[in-house]
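Protein chains: 2
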Amino acid sequence: MNKQFVYLFSEGSAKMRNTLGGKGANLAEMTRLNLPVPQGFIVSTDACNDYYDNDGKMSDDIISQVNKNMKSLEKITRKNFNSNDNPLLVSVRSGARASMPGMMDTVLNLGLNDEVAAAMAKTNARLAYDSYRRLIQMFADVAQGVDKKHFDVVIDTIVDDQKVETDHDLSVEALQEVVLRYKEVYQREVGEQFPQDPQVQLLQSIEAVFKSWENPRAKYYRKLNSIPDSWGTAVTIQEMVFGNMGEGCATGVAFSRNPATGTKELYGEFLFDAQGEDVVAGTHTPLPISKLKEEMPDQYNEFLEIAELLEKHYHDMQDMEFTIENYKLYILQTRSGKRTAQAAVKIANDLFKEGVISKQEAIDSLDLDIIDGLLHPQFQLEALAKVEPIASGLPASPGAASGLIVFDAKKAVEYSEKGRPIILVRMETSPEDIEGMHLSSGILTARGGMTSHAAVVARGMGKSCIVGSTDLRVYDDYVMIKDRKFFEGDQISIDGGTGFVYEGQIETQSVAIGEDFDNILQWSDEIADLKVYTNADSSAEIQMALDFGAKGVGLVRTEHMFFEADRIRAVREMILSTNQMQREVALSKILPIQRDDFEKIFRTVRELPVTIRYLDPPLHEFMPTTTQDIEELADVMGMSVHEIRDTIRSLHEFNPMMGHRGCRLAITYPEIALMQTQAIIEAAINVTKELGGVVLQPEIMIPLVGDVEEFNYLARQVKTLANELIEKANVDVHYTVGTMIELPRACILADEIAKEADFFSFGTNDLTQMTYGFSRDDAGGFLKSYYDLNIYAKDPFSTLDTKGVGELIKIAINKARAIKPDLKIGICGEHGGDPASIAFFKEVGMNYVSCSPFRVPIARISLARDK
Amino acid sequence: MNKQFVYLFSEGSAKMRNTLGGKGANLAEMTRLNLPVPQGFIVSTDACNDYYDNDGKMSDDIISQVNKNMKSLEKITRKNFNSNDNPLLVSVRSGARASMPGMMDTVLNLGLNDEVAAAMAKTNARLAYDSYRRLIQMFADVAQGVDKKHFDVVIDTIVDDQKVETDHDLSVEALQEVVLRYKEVYQREVGEQFPQDPQVQLLQSIEAVFKSWENPRAKYYRKLNSIPDSWGTAVTIQEMVFGNMGEGCATGVAFSRNPATGTKELYGEFLFDAQGEDVVAGTHTPLPISKLKEEMPDQYNEFLEIAELLEKHYHDMQDMEFTIENYKLYILQTRSGKRTAQAAVKIANDLFKEGVISKQEAIDSLDLDIIDGLLHPQFQLEALAKVEPIASGLPASPGAASGLIVFDAKKAVEYSEKGRPIILVRMETSPEDIEGMHLSSGILTARGGMTSHAAVVARGMGKSCIVGSTDLRVYDDYVMIKDRKFFEGDQISIDGGTGFVYEGQIETQSVAIGEDFDNILQWSDEIADLKVYTNADSSAEIQMALDFGAKGVGLVRTEHMFFEADRIRAVREMILSTNQMQREVALSKILPIQRDDFEKIFRTVRELPVTIRYLDPPLHEFMPTTTQDIEELADVMGMSVHEIRDTIRSLHEFNPMMGHRGCRLAITYPEIALMQTQAIIEAAINVTKELGGVVLQPEIMIPLVGDVEEFNYLARQVKTLANELIEKANVDVHYTVGTMIELPRACILADEIAKEADFFSFGTNDLTQMTYGFSRDDAGGFLKSYYDLNIYAKDPFSTLDTKGVGELIKIAINKARAIKPDLKIGICGEHGGDPASIAFFKEVGMNYVSCSPFRVPIARISLARDK
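Chain order of the listed sequences is A and B. When the first sequence is numbered by the numbering used here, its final residue is 1851 and no position is left out of the sequence of numbers. When the second sequence is numbered by the numbering used here, its final residue is 1851 and no position is left out of the sequence of numbers.
Treat the hints as calculated values from the structure; they're not laboratory data. Treat each hint with caution, since some may be false.
Pairs involving identical chains hold if they fit within one copy or between any two copies, as the list cannot separate such chains.
Cross-link-like lysine-lysine pairs, in silico, BS3-like; alpha carbons within 25 angstroms at most [unchecked claim]:
1. K1275 <-> K1584
2. K1296 <-> K1343
3. K1063 <-> K1739
4. K1799 <-> K1207
5. K1275 <-> K1055
6. K1466 <-> K1703
7. K1794 <-> K1739
8. K1787 <-> K1799
9. K1147 <-> K1133
10. K1207 <-> K1739
11. K1826 <-> K1787
12. K1322 <-> K1277
13. K1703 <-> K1804
14. K1059 <-> K1106
15. K1794 <-> K1394
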């Protein structure tokens, strides 16, 4: 028996989505539910794959199955395809497994030709010629790639000639003229006549849908969304029903709930006496669905019942197309409806309360990219509608902010002491700017990518941030935005979610996390196996993350503590030391400040685990860069400018990312690691005594380990000192010593390292850099070309490259767990807050993901998702 | 039955080296050959491992086996251990599988105590007390770690008191005094009496040998030479024979051939009436072995026969220890002898011609580190003996050179036009210095490591080079070497093999490659499965490599072609272009020059494969750095200095190693890759026509690929253009398009890339950098600490890190060959010339290794080795 390539609606169901495509499967399902669906058949995705396997030829088998099913459809509809006697017209539409923009979509009224139109005209001439001209134009577009504009010229001319308002007002004679001229356009553009044989129209349309599977836009979309080429598309052939037959006819689209607010109400719009495309084309102004209730209450009520039935059946809010032909309601399509963040959360809650969906389904129903907006202030829509952006950049950290422009941290202090909100505008930021960033409402930079310093720090702080805005040139005391100068104190507004910059102030609104959203988060925690930790560097940030539901701290970057004004001098003194003794004197000044930082952190986290990473960046990052700052430092240190410049020069590295940093620093200057150990353990001892009965869990993390001997050398010294201090104090502190896995070599040798380390935390930022061999700071120069040329579909710094970097992570986890099955493993790179990456981390068996505080809710939901 | 831990010499053989250690196995073997060996027994390496498994305790079983064997030895020697009646004295010596410096070595005369010495004194009082005092000192050193100096003070005092020349002249009474005072020193330093029980002496000595297996020096040596800790050491206990019994006594060492020249002659030295340690201690001046022939011809002839027998038996030149006791010759030890490069090559040839060894054995007998010296000029030894180094640095490229100091390329041209040899002295070199390096006899830099630019390029050119000499401070027109100024034109000499810098001129000598060495190379080629290619950038270098026996070119770096004076201007013009058309105009100026370069290369390589890498470094490397050069360029280009500085600034990268380079350049500027394609293919066409009948094999290599789409995008364009040109010209050019595998991601995704690429060439320099996450230019800052702390044993840029980087290479090869079993795979990183790394490349199934011309002979031999 031959393989079945074509299915009648009545042969399918929603479960056959892979074979029938989304659209076809839903039509089949509605047929099974006895809903009023115009009947038809589906050419399956298998047929599409067969077509490509046959070098782009439709096999005789498929053609004969199409013909056979058309015969069946004739019987079902009691109409005749390719006949003047009660002619059967059909629509042809594509339908892949997943909704896919970029593919050929629809041909309506297929089956018409000169003769059939003339026959049909005997009953309804307007309908016949209006439908015919639409067919010619759509078929020309879809099957032959003829631009719509060639036809628009024709119809616009005739509308003008006839002195009518729109094509809707054309007379039958004029429509006949349109058909004639459309056929001429077709002949001119295609080089052959419009096919009069409906059979030819049908097969060419099916083939056109198949071909559109491989067009560049569709291919790119698949790459972007990891949709395999092998899925193929199905083609749905459905009996035409006409909303444009005059009185008692209408066509429209509607949602089963309000997609903006989530309110339970039928929400949509329609047109009387029109075909579907008119509703969406914008050429006619549609009516709200409530109008249908007034004018055709029976049909409205029937539609409402169907909408409720479909929602229950599909466990989701539906987006439906309908047509009313001579007072008879038909459903042409149904699918899950798009919605706003607020609506999504409300609908998920309501459907759960109504008993329609489970908690898991509620969680899975959310679009997390949209949900993210819930967590940040937004511009008021009415205010936003009145302004135009003056520049744009990369949307690095969501949220809206308005404030006065400042160009450096000092001014940021001045303005914020006066209680003025500020926007920090910089060429790019560096660790020196941390304090200024802290005080600002938003950050705007001319350079840098989505994982530049500004972007990473801003996300960590939950601040609005736009980076890499090429519309900006930043000077010392003004900024050129395109060709206009803006000075310090000028007011601007930025939207870190869209990347747009506006002049002046725009009102913002906070979208509070309501009870509905809290429910979703609670349910997520019930379901998820993994925990969500946070990356945060201060007790304030940690508190914020705990409020968002973090269950621990996966990354405290101690270097940020080194930059604040009260300690940077001692840090520089340490760097300028020429021997170990001088260095220890400088470190002894930093010790009490760090201890104080850690005490605050321990008081906040209490018994939750907190992973503290030892000093990571190369020392030159702590040195001043401007002449003025160097002179000041020379003055303070009693050294010559020359000596300080010499030190700065000696610290220079060709590739600082691959230089003297991470554990390499601690190996050459163990006294730094020992000072940090002392600060952590003494702080832990003090806070333990202060709180009483709480056992702290500091996790000491040694960064950038590539060889187990590096880890051993440092862990030995850290443990010796820590144990000594704890023993002397005689308190219970559960500290562990682990490492970041962020070098390819550490992945390959993870078994050796796992033998010695108490925990692993994957640093996916550096791991991505080293695996690809490019730095995130420098990749901007060519990544744009990569996206333009479709070489890369996604930014590997935003969504984990599971094929390459992910494979190294898998190798590492497998090797490590083979040695130590219960090793605690987490991830503290930027990817820890990205839903797609989180799905991977779950799959490979990590224990937790750690992300910036504002991403914690997103991560909690991501971990509970079953898709 | 219990495990055997102790073996009599008569129970062992040379095959039992793993159990008995090298020394013990050879003594057993000589016993089997019925040679005059003082008998004894061996405590095996299994016993050593048992000792460590038992937490450093010798088991009763081992002790009882030692005692049992001592009984057997008493029977064999007819002497008695721990007895006044014909006392048996023994030596105790360590002996691991491989010769291992850093381990405890020897205790002689063990078995003596006050009583036994007194008894022995009745026959020979000098011998008795001389032997006793030696025992006390050696035992104290070996078993208790007492510094020899404590004993030296005593004996020096007594020698002075007695007014004699040396300890050899001390009277019996004085020797008794020495023994007494030595025992006091022992008691003082150890805190207990010197053990009078020979049994205790024996067991403590054995234990001391076991312990020395774990001392830091031994551990470090093992790490350096990849010797597993699990091997353990054996201990040899052997009857003492005495070369110091007076008349008819002697002791010495000798080689079976001259270790300096390789001549077939007994070569060594000895002392009459002495113990072995005296010969090597330097306190007495030994006599040449020819003297023995005169004085004791019978013993000499017996020794000569034994030496010949051992050579034949062991298939190698032997280094032997002997003692003559009362005119009776004993052999105490034999092992393979160390030799000079010349001697090694001659001996290997002679032994083959004598039918003693096979070609494979001849090849395996060479120490390649030493052989490398054969290929470069050396300072004359007599001249070198008269001078002291004034500075030192890293020996980056071997060979000796003398010349006048110059500080830049321009001066290099001036001096060399006058025919003066020069040494280029720089802070560090950059691609701009290529021409100056070419003209110099040697290169000396103050900065950089073994794989810095200067080092890599110098090795490629076969020039003497010292880098990273911290004794230097280089200024514009002079250099401070330590505290002395040297100016341009001053004469210095450098030895790139030792890293020493000398003042003035030192005569050099070339060590020509002789027939013997040629034979070795021929035999190597017969045996090796892999081929040796070369990394070379000009036809001159390629010709040199072909003369050294290269079978192809594995890497032509085209960027070096961009730096020469006649083309750098067009290159800069290309970089300063603001649009594609300007860029193409500039490229069209470079095209004929590149084509000419390639024509020369093709004429040289003819039908051999030649792999040409497309432009790799970031563009900023081609821009001028000094103000003067920038001004000149501005002038030439008709641009402002400001504009040129702007371009330079825009090209700046934070981490150029991880920036816009390699295939990323070609993707953003495909016109560069197309120009290079045109130059290569047109050159190939022209040379094919010119030569007639020769089919050229250019292999086009796209660098730094991390994703197959990068490769596809470029390969498509390259092939389209190449095919078009070839078709038009209608000649036969066999070009292929492949890629460098030098990023961890390319290794992980090697299967995808292998599907598309015609060949793989591993770039192990970059792969090492990315896998470890440090750049070779910046690693100097911490790698020294790593070696000092024993964190790393070897420089991963010199010898491939097989555990980490090697594992990635294995993953890549396995994945690639699974897709394309006959994929051509090679290596063109610096490791291609390193014997240890070559062994790995052979093991993982590469097709060829490619190295700089001067390393080609070493690589050829390495590939043939069976060890």
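Hint by hint, here is what the structure shows:
1. With identical chains, the CA atoms of K1275 and K1584 are never at most 25 angstroms apart, being 62 angstroms at best within one copy and 84 angstroms at best between copies.
2. Taking CA atoms no more than 25 angstroms apart as the test, K1296 paired with K1343 passes inside one copy only; the shortest distance there is 15 angstroms, against 84 angstroms between copies.
3. In the homo-oligomer, the alpha carbons of K1063 and K1739 never lie at most 25 angstroms apart, since the shortest distance is 76 angstroms inside one protomer and 53 angstroms across protomers.
4. Proximity of K1799 to K1207 under the C-alpha cut-off of 25 angstroms is restricted to the inter-copy arrangement: shortest distance 23 angstroms between copies versus 31 angstroms within a copy.
5. Neither within a single protomer nor between protomers do K1275 and K1055 lie at most 25 angstroms apart by alpha-carbon distance, with minima of 39 angstroms and 117 angstroms respectively.
6. For a Cα distance limit of 25 angstroms, the shortest separation of K1466 from K1703 qualifies neither inside one copy, at 56 angstroms, nor across copies, at 42 angstroms.
7. Taking the shortest alpha-carbon separations for K1794 and K1739, both the intra-copy value of 17 angstroms and the inter-copy value of 23 angstroms come in at or below 25 angstroms.
8. Both within a single protomer and between protomers do K1787 and K1799 lie at most 25 angstroms apart by alpha-carbon distance, with minima of 18 angstroms and 14 angstroms respectively.
9. For a Cα distance limit of 25 angstroms, the shortest separation of K1147 from K1133 inside one copy, 21 angstroms, qualifies, whereas the shortest one across copies, 121 angstroms, does not.
10. Taking the shortest Cα distances, K1207 and K1739 sit within 25 angstroms of each other only across copies (19 angstroms), while inside one copy they are farther apart (39 angstroms).
11. When the C-alpha separation of K1826 and K1787 is checked against a cutoff of 25 angstroms, the pair qualifies only within one copy, where the shortest distance is 16 angstroms, while the shortest distance between copies is 29 angstroms.
12. Proximity of K1322 to K1277 under the C-alpha cut-off of 25 angstroms is restricted to the intra-copy arrangement: shortest distance 24 angstroms within a copy versus 105 angstroms between copies.
13. Taking the shortest Cα distances, K1703 and K1804 sit within 25 angstroms of each other inside one copy (20 angstroms), while across copies they are farther apart (50 angstroms).
14. Taking the shortest alpha-carbon separations for K1059 and K1106, only the intra-copy value of 23 angstroms comes in at or below 25 angstroms, while the best inter-copy value is 131 angstroms.
15. In this homomeric assembly, K1794 and K1394 never come within 25 angstroms of each other (Cα to Cα): the closest approach is 46 angstroms inside a single copy and 54 angstroms across copies.
The structure is inconsistent with the numbered hints 1, 3, 5, 6, 15, although it conforms to all the rest.
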